[in-house]
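K.L.:
Take a look at the letters that make up each chain.
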Amino acid sequence: MPPNINSTLPLLLLFLLFTLHLSSVSAWKKEEFRTCNQTPFCKRARSRKPHSSSLFATDVAILDGALTANLRQPPPESPDQDQIKPLLFTLSVYQNGVVRVKIDEDPSLDPPKKRFEVPDVILPEFESTKLWLQRFQTETVDGDSGPSSVVYVADGYEAVLRHNPFEVYVREKQGKRRVLSLNSHGLFDFEQLRVKQEGDDWEERFKGHTDVRPYGPQSISFDVSFFDADFVYGIPEHASSFALRPTRGPGVDDSEPYRLFNLDVFEYIHDSPFGLYGSIPFMLGHGKARGTSGFFWLNAAEMQIDVLGSGWDAESGILLPESGSRIDTFWMSEAGIVDTFFFIGPGPKDVVRQYTSVTGMPAMPQLFSTAHHQCRWNYRDEEDVENVDSKFDEHDIPYDVLWLDIDHTDGKRYFTWDRVLFPNPEQMQNKLAAKGRHMVTIVDPHIRRDESFHLHKEATSKGYYVKDATGKDYDGWCWPGSSSYPDMLNPEIRSWWSEKFSLKNYVGSTPWLYIWNDMNEPSVFNGPEVTMPRDALHYGGVEHRELHNAYGYYFHMATSDGLVKRGDGKDRPFVLSRAFFPGSQRHGAIWTGDNTADWDQLRVSVPMILTLGLTGMTFSGADVGGYFGNPEMELLVRWYQLGAYYPFFRAHAHQDTKRREPWLFGERNMELMRDAIHTRYALLPYFYTLFREANTSGVPVMRPLWMEFPSDKATFSNDEAFMVGNSLLVQGIYTERAKYASVYLPGGQSWYDLRTGIIYKGGTTHKLEVSEETIPAFHRAGTIIPRKDRYRRSSTLMANDPYTLVIALNSSHAAEGELYIDNGKSFEFKQGAYIHRHFVFSDAEDSERWPPITSWFSRLEKPHPYN
Amino acid sequence: MKIYIVIHNLFLILGVLFISQIGRSASKSLLSTNPFLGIAPQDENYYKTSSEIFKCKDGSKKLNRAQVNDDFCDCPDASDEPGTSACPGGKFYCRNAGHVPLLLFSSRVNDGICDCCDGSDEYDGKVKCPNTCWEAGKVARDKLKKKIVTYKEGVTLRKQQIEQAKLAIAKEEEELSKLKSEEKILKGLVQQLKDRKEQIEKAEEKERLQKEEEEKKRREAEEEANKEKSKAEKEANQEKNEVKEQVGSEEEPMESTHDDKIGVLDQDVEEDKSNSVAEVEHTDKSENASPTDGIEQHAAEGKEESPVVHETDLHAGNEVSPTSDQATKQENDVAENTEGLSREELGRLVASRWTGENTGQHTEEVDAVKHDHHESHEETPEDTHAEEYDGYASETDDDSQRYDNDDMEDPVDEDFGEDDHYDSSPPYKSDTEDESDFSDITSTSNPSWLEKIQQTVRNILNAVNLFQTPVDKSEAAHIRKEYDESSAKLSKMQSRISSLTQKLKHDFGPEKEFYSFYDQCFESKENKYVYKLCPFKQASQEEGHSTTRLGRWDKFEDSYRTMLFSNGEKCWNGPDRSLKVKLRCGLKNEVTDVDEPSRCEYVALLSTPALCLEEKLKELQQKLELMNQEQPQGRDEL
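Sequences listed follow chains A and B, in order.
Quick note, the first sequence lines up with residues 1 to 867 if you use full-length UniProt numbering.
Quick note, the second sequence lines up with residues 1 to 638 if you use full-length UniProt numbering.
Hints may contain errors.
[As the list claims (entries may be wrong)] Here are some, though not all, of the chain B residues that point toward chain A, as calculated from beta-carbon distances under 7 Å: (1) Pro101; (2) Ala203; (3) Arg353; (4) Tyr560.
[Said to hold, decoys possible] With a straight-line cut-off of 30 Å between C-alpha atoms, the simulated BS3-like cross-links for lysine-lysine are: (5) B:Lys512 x A:Lys570; (6) A:Lys658 x B:Lys126; (7) B:Lys623 x B:Lys512; (8) B:Lys616 x A:Lys570; (9) A:Lys173 x A:Lys288.
Hints in this document: simulated from the structure, not taken from any laboratory.
Just so you know, even glycine gets a beta-carbon here, dropped at the ideal spot from N, CA and C.
Using the sequences plus the hints, can you model the full thing?
P.N.:
As structure tokens, then:
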């Protein structure tokens, strides 16, 4: 024995050293978070076999303008098994191609508890677009023994409820081609609430945390198929590729499903289906053959979504009829109800319009917030602020907003100031405001449990905190130490919270101060998976598990409402949030959280932001420079060059990093970063116009190429390049010392290099030389981009500067573009106080038609010799 | 043919939102009354041509005269728009009569903010900028005058310091060369003494051996008789030793007390573990009081999830062979280790990832976990410190020895503790030992000491008869004493030589103006910290009794306007600490404004006469003259 031991011990040590080393390379604490296998509902659902659902629909009828039915199961074979109660099925149809399918327990059958339906997400006005169904038709499909019920959806589209086996789908009327379907593979499962019986052990333990689960298992899962889709997209937030990769099926080894569970993840890695800070259970399928469709499940519990690789169900033996390319997906949620929306498209922009008609259009931001933001944890005191501010001017670098992180407060009590570091906060803000600049302070949801802190006293006495499973105020740990969390689900508490932002209540604030909501997943340092226990209790007896993913959303909403109130309804709010949920786009911006200063994370910021844009959250960005770690100079420059095109453009850094303001890296690098920032400022009129487009149509500012070129297959999985609006294509540079870049320029029209005006042919991949000066960016022929080419200290100071229109003619000598202008600040645009011009340039030789309104132009430059 | 058209300056005439562009015509009119707005005097001639053609300064374009300052950028070098904001990268000149002229970025022109004190940058009528140049100028002039006074005095002080430094350096160089030659002689003497000593010792040894031989013979006779007796003694000794060993082995288990966890996991392995395992166990510390908890739990979870064995299902590892099981377990412990923690400890631990703050004030166990988590392969900060320190000390130069002393606080505290004038207390000498200690050998005033020694040695060498037996005991002692004293003196001398050499090797500036810094330290108190800067040596931050080294002397930078201390103690999750000291002219050596703009990168300001340069004084005087000339007509400063 001894010789044996002698040989194993060094090995063991070696192994230890190795793992120690590994863990320092990737600081992501993977083992702190649950895998699907460690999550019982996910594990149960994933082990289900296709066609194991035996549900069938009965009692199909039209009720209140909707198609309703009961979903039943055959009686159990042995009397010991529970007879499952019938589920209520409702299918309603809304204008513009939206089908809503709800499935819940029947309240008349006395369930132990009402299952949670997420309130205040769906727009009230959406309800008014409901089509009042009068009748349904019956037909027999696919050689079924039973009938199917068919209702009208939109011109050319129908929704079908197949009674037995239960299945719902939307199809084209002509040719009956399916678009989207639910339960085609019979994976539907709905765990009904039960009363706890003797011997039921429902508790779950993870890492020393116990979840008492007083209502037992209550998860829901089902399959959704996207027909004629080459790829599926959406379901943020994950750091992964834009086109979602299969997580199950042949050739996929042991992958986790895409997880949707809002978590504060320390040093997340750049390629993982692991859930990050926000969740939007909205997926889009897109294919060359038909176009785009979308599926949205309104549910705020933990969700896990599998993208099933083709052939995943080969073993089941029952294959769906071939229908070109089809992508199957599998959706699992821990709790809640089925409240799902089918969007028929058919174009990509139609789907986002349909989705935002349900959850709301992105808010129109203030102009200043679309400009350049400067942040750091921390700008420590007033002197530091003044210094940084003046350095921007010294180097003629415009910026609009300076941010203060947690340490500006008195002991992490938000709404307070460290009066040693910030003795005169109003004066400090006013000084910046004199240059048209703004400030942002951080306000997080954890409230310091400190008897002398008025906010805590008030929240305690009013009973406004989230409760733990025993009904006491939940006490968690965050920045201030022991903390509690206001229950933002309750509208009364949200209203109380929003009052705290008035100039009177928030001492030291000014009208130029805006807000940053961090840690609102919520982050709880000593909670399971660094968040709140699932059995914590909210308003109305709702368990945290049921609304977890929406907590940050309600917090964001309450804060944003606070700023509206502060400004007497006249000042558009600006609130940046880290957590998000469907509907967050109505309340402000979000960013991709604590990224890292490396090339991979620069690269993944593009698919992340593209995904957010597709799912409504267009006002989003990644920390320029990378939050953790020190970027090399080249990386920092490249990040500014890319970040200048993010819808939300903010530089930020962790407190352990070196200072990295643009002037700290030598004259040349400063110039390069300043150039990038100048580009953003020049394009502000274009960006602002695009924000207005998003505000009216949901179409994102930053778009995937296929949104503009939906039938160009080469663009479908391209997430290195993106469009800003319909006129500008940008390709990031994601490697060190890159000499060349391959850029695919789609479409039949040409593209003009944004800087040089050099013309490139469309529909082909160009191998381009890359300089340090810029990343490749191209102006699409046939479009007009409005600019402002004078750089001021801030966007506010550019208000009176002249516009420049850059017109790139297409092959028929024509171009079109738009310009939207309002006062950049108030809500008066809603009453029509704006200018929105559509420019059409056609046939330059026709002097009678050009220029259209001579008096507008002080100067018309002769055509450039570009050719 | 593809056409690319740029249409500039689209002005929308709008009633609702925008004040119509009145400003524009206003600007034109003002520009027409002053066509040279924004043009620096030295450039005026360039614009004053009567020609109808204007050439961009870089020669790239020819323009119509009317295109100059027409609020439209034509020249790539911005030269056609000196008075407007049309060209990015252009510059606007304001005269600021009564104050100093200013060259602004063109982005400041007509942006609604008064940048020039004469208001000339805002002429489009949107804001009214009063001319504040005279008032601002007066303040600036007064400030400048004060600065000049300081500089004048500083220049004198600086000259004195340079003189003193030159003298001192010359003196030290002289001392050094003298010491070196004396060292040579002394070395010779010591060698002679050493030789002699060895000869004596040899003789003594011989004598001793002889005696031993005799003794041996005598003893052998006795030995036979005592054989029995000695045997008994030997056995007794052996027994004693055994008892000792037993005691030793009983102590061992007590050394490894946090073994229980692994013990539970796998008893067999535990028993066979050698010392190396102890290191492994160290990481287990944090598992704290209830070692079995975690395992029970794992088992429970394992049950519930039985059907699928997932790769990431770490607990499944229980079934694998003992060693890999152990390894997996260890891996877990290293990586997570959080279950045994109290809620508060866990909160602090997770918070510390972002903050890097030490959670240790609360429980040591949490601290241990933290290091496991974050430092992984690194040492705890204390260890790192110690290690660096060792390495440092082993450089074995004299300076490092001295640093050690400085770092040990106590001597420093003795020197400075009694005064509480922390706020930029006056500089003090950093090391006093050198000079006082060497007074006996460096006594240049008394040159005869070496001769005395020489004489003594000669006497000794002559007096001692080498071949005398038995050796004269007192003579031998005398020689030993002389040798010891001389070699002690020699090593002292050598250390002085080395320290002087080290010192003189330093770069004291082009005129040796920083020489006096060598023996000084400067202190400044900021909040709870006291910062101590010892140029050419090191800088530290003290809080109560703990001292953190911010850096060791590195070099001057930025043409002797910055001192750099680098390679300070490593920051957790951050860089090695460093300190940049910016120097500026002042009458006293005084440290102010110590700051930490980035984590562990400190900056400070040191005012010193060494920076009061004569050229700079002249520059300031010229500037003042210029400002006085710029006085608007009819106004008098008094």
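K.L.:
Hint by hint, note whether the structure agrees.
P.N.:
To see whether the hints hold, each was checked on the structure:
1. A distance limit of 7 Å between C-beta atoms decides the matter here; for Pro101 (chain B) the minimum to chain A is near 18 Å, and the interface restraint is violated.
2. At its closest, the beta carbon of Ala203 (chain B) sits 55 Å from a beta carbon of chain A; the interface hint therefore is violated under the 7 Å criterion.
3. Interface hint at Arg353 (chain B): satisfied, since its Cβ lies 5 Å from the closest Cβ of chain A, which is below the 7 Å cut-off.
4. Restraint check, Tyr560 (chain B) versus chain A: the minimum CB separation of about 21 Å is more than 7 Å; hint violated.
5. For the hint pairing Lys512 (chain B) with Lys570 (chain A), the CA-to-CA distance comes to about 66 Å; that exceeds 30 Å, so the pair is violated.
6. The straight-line distance between the Cα atoms of Lys658 (chain A) and Lys126 (chain B) is roughly 42 Å, outside the 30 Å bound, and the hint therefore fails.
7. Restraint check for Lys623 (chain B) and Lys512 (chain B): satisfied, since their Cα atoms lie roughly 29 Å apart, inside the 30 Å limit.
8. Proximity of Lys616 (chain B) to Lys570 (chain A) is assessed by CA-CA distance (about 55 Å); at most 30 Å being required, the pair is judged violated.
9. Annotation: proposed proximity of Lys173 (chain A) to Lys288 (chain A) holds, straight-line Cα distance about 19 Å (limit 30 Å).
In summary, the numbered hints that this structure violates are 1, 2, 4, 5, 6, 8.
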